[in-house]
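Which chain is which? The protein sequence lines are A and B, in order.
Everything in the first sequence is counted per this note's numbering, starting at 1 for the first residue and increasing by one.
Everything in the second sequence is counted per this note's numbering, starting at 1001 for the first residue and increasing by one.
Derived by calculation from the structure, the hints in this document are not laboratory data.
The beta-carbon is built from N, C-alpha and C at its ideal position, and this holds for glycine as well.
A hint or two may mislead.
[To be verified] If you want the ones that stay clear, here's a sample from chain B, every Cβ over 10 Å from chain A, calculated:
{"id": "1", "residue": "Pro1005"}
{"id": "2", "residue": "Leu1023"}
{"id": "3", "residue": "Pro1056"}
{"id": "4", "residue": "Leu1096"}
[To be verified] In the EDC-like style, the derived pairs of lysine to aspartate or glutamate whose C-alpha atoms are separated by at most 20 Å in a straight line are:
{"id": "5", "chain 1": "A", "residue 1": "Lys85", "chain 2": "B", "residue 2": "Glu1191"}
{"id": "6", "chain 1": "A", "residue 1": "Lys248", "chain 2": "A", "residue 2": "Glu187"}
{"id": "7", "chain 1": "A", "residue 1": "Lys83", "chain 2": "B", "residue 2": "Asp1109"}
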Amino acid sequence: MSEPILRIEHLSVDYRVGSGTYHALRDVSMELGRGEVVGIVGETGCGKSTLGHSIPRLLPEPPARVVSGSVTFEGTDLLRVPKWKMPMVRGTGIGMIFQEPINSLNPAYRVFNQVAESIRTRRRREAGKEPSFHGGEQPFDYSGSRPPGVSDSWRRRLLPSVPDAVEERAIERAPESLRDEVIAILELVRINDPETILGLFPHELSGGMRQRVMIAMALSERPALLIADEPTSALDVTIQAQVLTLMKELIDELHTAILFISHDLGVIAEIADRVGVMYAGALVEIGPVDEIFAASRHPYTRSLLRSAPAQYKTEGPLPALGGSVPNLSRLPSGCAFRPRCPIGRAECEVAGPPLAAVGGRPDHRSACFFPEEASRT
Amino acid sequence: MWANPLTFVGFVLVVLLCVGAVLVAGLPPFTHLLFGRSYTIVPYPLTAGQFPPFSPPSLAHPLGTDNLGVDMLSLVLTALPLDLAIGLSITSVALLVGTGLGLVAGFWDTPRTWGGALSVVILRLTDIFLAFPSLILALAIAVSLGRGLLPTFIAITVTWWPYYVRVVRGEVLTIKHQPYVAAARAAGLTERRILGRHIVRNLIEPLLVYFTLDVGTVIVTFSTISYIGIALPPTTPEWGSMIALYEACCYPPYWWTIAAPGLAIFVTVFAFSLLGDGLRDLLDPRSRKALVESRADSTLPQRSGTEA
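Given only the sequences and the hints, what does the whole structure look like? Please build it.
Quick look at the structure:
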């Protein structure tokens, strides 16, 4: 296997809110290969979104704070990149799709302008008019604590070099080709009638259409890695299925690496190659999708699977996991899942179990002291 | 525009007032363009004794005449350019200053940064100004600068910008926590572009509404100050000082002498309020949609067929 596009190592993130410190991510390590789709599942408040947002460093700091670890994207540790350089990585390097399609489009712009903005950003970068980061070839320059000053750009404004300005306009605007490209990208996300959609405002679109436009915007920058933060959770079931089908088709067409965050096991099973299960800010199990669903070796994963309404059984209530995720500022000692665990023992309270290979497979790892016992629960 | 007749009335009135002000002032570029020569719509010159004093409102003198026999309509119209210019210019200056400071205070408000420190300074300064009743403060500043038009202008402007800082900062704080700003950041836009393309763009509508509503308030404030006699010598045609003048010499029993400038202030302020209220509905894309759909049959194309 070649060098992974994304490697997260020992990433810990805290939220400092008022009196308490919430350990939102605890020592998360994972890898994402090129063109691979990794799903992240877990209950609400177990750090899925924090993980997704911490990769392109979109967490609000403060209150969030990266305590330790590294996020290596295309060989560059993003956590060491100066903050003002991060925009170069976002969009064309790491794209993102958000949960709320209702508010994720600017209400003031028509669809054309929303999508065109992303395309313009990419064009500026591809033409070298704006610094961008593609990674791979040249080592990233970590130095330079000073952003290109306001004075520089003012000088450029005041004494514009005419050919430069014309060229930049041409690259950004190029009206016909821009329009064609917007239509093409809207067709890519299976919008039937892109011409009419172009002139509409976001509030005139349905939820599914908005999410398609969002996906189109993210894809139009041709990111090497796409982070989808619960892209289907806010949608109706039917629309959810359509968007999911769309994403599956796009995965086959584009070979983009995707980190797909969802609390819906069914969605993950459909789309992911590998699955990571998170609990209380930590990765408790990670492995190939069929392995996780068929032969999970962590009691938390097993109870998640049991409580999913997969078979639509009519008799009896769904088996639910008792209790709730522990308060992230006052985690129990040892294994965080211990208080709710059906097989937990006294020794689980002494130290947390490491994420270790189980079942004789190096790619299936579980953070449980009793993986074989867990697989029988 | 047609969905709300009151907005239309406000719009027409504001346009009439502005065009009227230009014509009254006889600004050569405009009147030459229209009439080929300097032109004014003031019906009679303001010379004393050409009409009988204290004629009540009639067809010849819709607003009557004053103690010197000057036509009140001509007098009120003569004051129009001054009052309108004062209202628009003070509001504009306050808008520009307040918006600039409000953007800084709202967008770069992270604690323990230079921007954060700057925004604290801006906000505390704003608080200091807002702690005083603005009219009293404006009066005090105008008097201490020496009475006159320019000191009054400066005084009102100085007391007016803090409101814009408040409005803009509040809006910026709302907008910058919207998911679409986060989405723009995730799409790789720099902070400067986010400020320009997303924050400022969404500020335009509320600011335009606030601005329009505010013009009337500034005119009232200015008239109040000149009514007290601080802004202008009482002989200058200005609505506030006219009321003061005629109250001293003629009010009981000749009511029309103060009704005329009062009516002028009322119409102007009312026009801007109507327009501002209507703009609020028109400029928000969502309520614009509601307005369009509230009409009998929607002319919008069907557009939901793509989901199936």
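Hints versus structure:
Here Pro1005(B) stays apart from chain A, with its beta-carbon at least about 25 Å from theirs, past the 10 Å limit. Every CB of chain A is more than 10 Å from the CB of Leu1023(B) (nearest about 37 Å), matching its label as outside the interface. A cut-off of 10 Å between C-beta atoms confirms that Pro1056(B) is not in contact with chain A; the least separation is 53 Å. The claim that Leu1096(B) lies off the interface holds: its Cβ sits roughly 19 Å from the closest Cβ of chain A, which is beyond the 10 Å cut-off.
At roughly 11 Å between alpha-carbon atoms, Lys85(A) and Glu1191(B) fall within 20 Å of each other, so this suggested pair holds. This hinted pair checks out: Lys248(A) and Glu187(A) have alpha carbons roughly 15 Å apart, not beyond 20 Å. A threshold of 20 Å between alpha carbons decides the hint, and for Lys83(A) with Asp1109(B) the separation of about 17 Å falls inside it, so the pair holds.
In the structure shown, no violation is registered for any of the earlier numbered hints.
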